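Enquirer: Following the hints, put chain U in place on chain H, whose structure we already have.
Protein chains in written order, with our numbering: chain H, 1 to 440; chain U, 1 to 313.
These are calculated hints, taken from the structure and not from any lab test.
For clarity, every value in this text was computed on a predicted model and none was experimentally measured.
Each residue gets a CB set at the ideal place from its N, CA and C atoms; glycine is no exception.
Misleading hints may appear alongside valid ones.
[What the hints assert, rightly or not] Simulated restraints on C-beta separations:
1) H:R379 to U:D209: 49 to 57 Å
2) U:K300 to H:K350: 21 to 29 Å
3) H:A138 to U:E283: 30 to 38 Å
4) U:N201 to H:G34: 51 to 59 Å
5) H:I302 to U:E283: 55 to 63 Å
[Said to hold, decoys possible] 20 Å max Cα-Cα, derived EDC-like pairs, lysine to aspartate or glutamate:
6) H:K348 to U:E309
7) U:K57 to H:D299
8) U:K13 to H:E81
9) H:K35 to U:E309
10) H:K369 to H:E347
11) U:K300 to H:D299
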Amino acid sequence: MSSLLNRDRPPVFCPGCSHDLVVRALDRALVAMGKQGTEVAIVTDIGCSGLFDTFFNSHAMHGLHGRALTYATGLKMARPELTVITIMGDGGMGIGGAHFLSSCRRNLDITLLVLNNFNYGMTGGQCSVTTSPVASTASGFLNELEPSLDICKVASAAGSPWVDRVMATGKKLPEQIRDAVQYQGFSLVDIWGVCPGRYSKRNRVTLKGLEEEMAALPPVSGAVQENERDEYADLYRRKSSRLSLPSGPVDIEPIYSSAFTGQKDILLLGAAGQRVNTAGELLCLAAMSAGLHVSQKNDYPITVLRGHSISEVVLSSSPVLYTGTGHPDVVFALAREGVTRRRSVFEKLKPENLVIRGKGVEVPEHEGKTITIDFKKLRIPSMHWALISLAVLAEEKSLITEKMLRAGLAFRFSGNSLEEAESLLNHFFSRKNSYRTSHS
Amino acid sequence: MGFCLGASMAGLKAMTATSGPGISLYSEQISFAIGGEIPLVIVDVQRLGPSTGSATKGADGDIQFLRWSNSGGLPVIVLAPVDVTDCYTLTVRAFNLSERFRCPVFLASNKETAMTRESVDLVSLQIPSVVNRNHCPPDREFLPFGPGGEKDVPYFLPLGGDRLVRQTSSTHDEYGYITGDTETIARGIRRMENKLLGAINSLSLFEYDRDDSADTLLIVYGVTARAARVAVQRIRDAGGAVSLLILKTLFPVPEKTIQRCIADAERVMVIEMNLGQYVREIERLAGSKPVEFHGRMDGKLISPAAMCEVMGL
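Chain H with its partners taken away, still in its complex shape (with noise of 0.2 Å):
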């Protein structure tokens, strides 16, 4: 009979330990699929179970404490084609519980082996997830104060399609890891065994006692009906091949000239809701079409439509290095959010620096040249204010222009968007002398 047994590294196990049959079982189970070493990655955690992948003469990836569930997750998405086979034990498992959870739940077509001995056993016999509050452990009374996790039904109601459970003794072994091996999805078997080393003397566990033990818990036997449903990596290609390649960058030539050489920085002070953010790109994707160096860096809380909304703009005619604005020559004064939170700016601005406001919002006393627009006289909505305030940029001619302008609104939008943005501009551009309220 073949076998895919690795003879150079023959099973070490202490005398009388579970793994040997798990061992003996996994490898009958590939041989009756026709499986060779080359079409199975055997993945091990840490712990005794950590050997098994020695022993096989297949692909074999040993990892870290509880985490050998992703690497089988990033196996199997890479290689579809691969028997992917996962091997933990009970510590393992409580290590990785999060990761266990996640593989019942995602349905990855992988096999996970849990070779439960009640304990771990490597480092000494202490307790794990699965002990018995009433066994005796290396770790004091704590295994009291805890009651023992069943496995199967925690994978069944993460959402496990496959769940089994058998002693590593039951004769059925070897089919039932086929059963699971051959099933299309995420399937469990929690084989159930003893630890002759450091658990089985200590409590007095025989092999007899776990059967009945077994036996009297509500069975479970493979498929779970209500779990079954598409596998994750089919799903996951089918779903990824109707998605289109995201569009490069945007690519702007420069067509007009710019006004100014040197660097001019922007700071719009806005709140959430007033397109803040959008009108920092816009005034960007403007500059660029004259040939303009630019960066452009927000600032938001995690709320969406509240509080404060700011972007900092830096235009340049040469590439941009400090992209900090402390010292703006333009600052847009939208909303009182914005303005609380860079009050300092204003002390510093200069005569030659210029304010947009809108009328209602207060400002710090500063020593800049101010215009004060009317928005709610003129029935400009909030969300369209960073908008025309841009225009008014423009009207001033010293940063961009109408064209430049038109053009960032060209770049940024399409469709309905844009021709809403434009009949905006076009609105502020025929009547330009109404909006202005002030000029101080």
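Expert: Relative to the frame of chain H, chain U by itself:
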């Protein structure tokens, strides 16, 4: 990280990005990537720490963490982008280095770089050509952890291919079997150390803007370099003199490069967005030359004006 390690072992190129709280969680898997010689790119968009720190304000507080976050303390490659252009080119370089040396490569970015949008001249962008990992020739025995095509770097074969591959996070021999043999262990550790330290000259990236008449050398990296360029220009415009060294490879420390630049100066100034991390490397290389430090770690960029002030130039 686990997904990336699995996918990379299957032969794909893999990258993951995080910030300080995430890189802390990556630590055990970083060690696996180093010990298992698994190619991988890890982007750390550093934000102000400690712990969950400030969401989201910039800092360069993870520099020594990136170097020492692996158990065992083996060398790692850390590259630091200055701007968006660097983000393009250094990411390609990071992949190339990870493939060539079979190791994780870090990009020490910063919120101020990753969350800043800027114009890039795509035409003049010099993107390095792509390097792929060295596969074991079909007529050679495959030793997943033995010497390969390039000195001290093992050949690679994908896990799941037509030749068997063994990968392990535990101390192993050249075949990938766990071993306790101290000679074998020492040989493997030394090889992994040598493969990076021995190639230091070919992976050290930097910009040195020397002023022959300058006594002061300013050393910076990352986003701080942008303000440093402005500060240096201001000092020179005002008739002063200063040299500037911008490091883009932070680890392995480009010792010869740094020492050569320090030799040109009488006084060294290191400015970082932290409490003083990389300055330790400079101090140990500076010998008797005085090394001064200025740091800021409150989520704000260090301004050119502050730099001029602390340098007194």
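Enquirer: If any of the earlier hints don't hold here, list their numbers in rising order.
Expert: 3, 5 and 9
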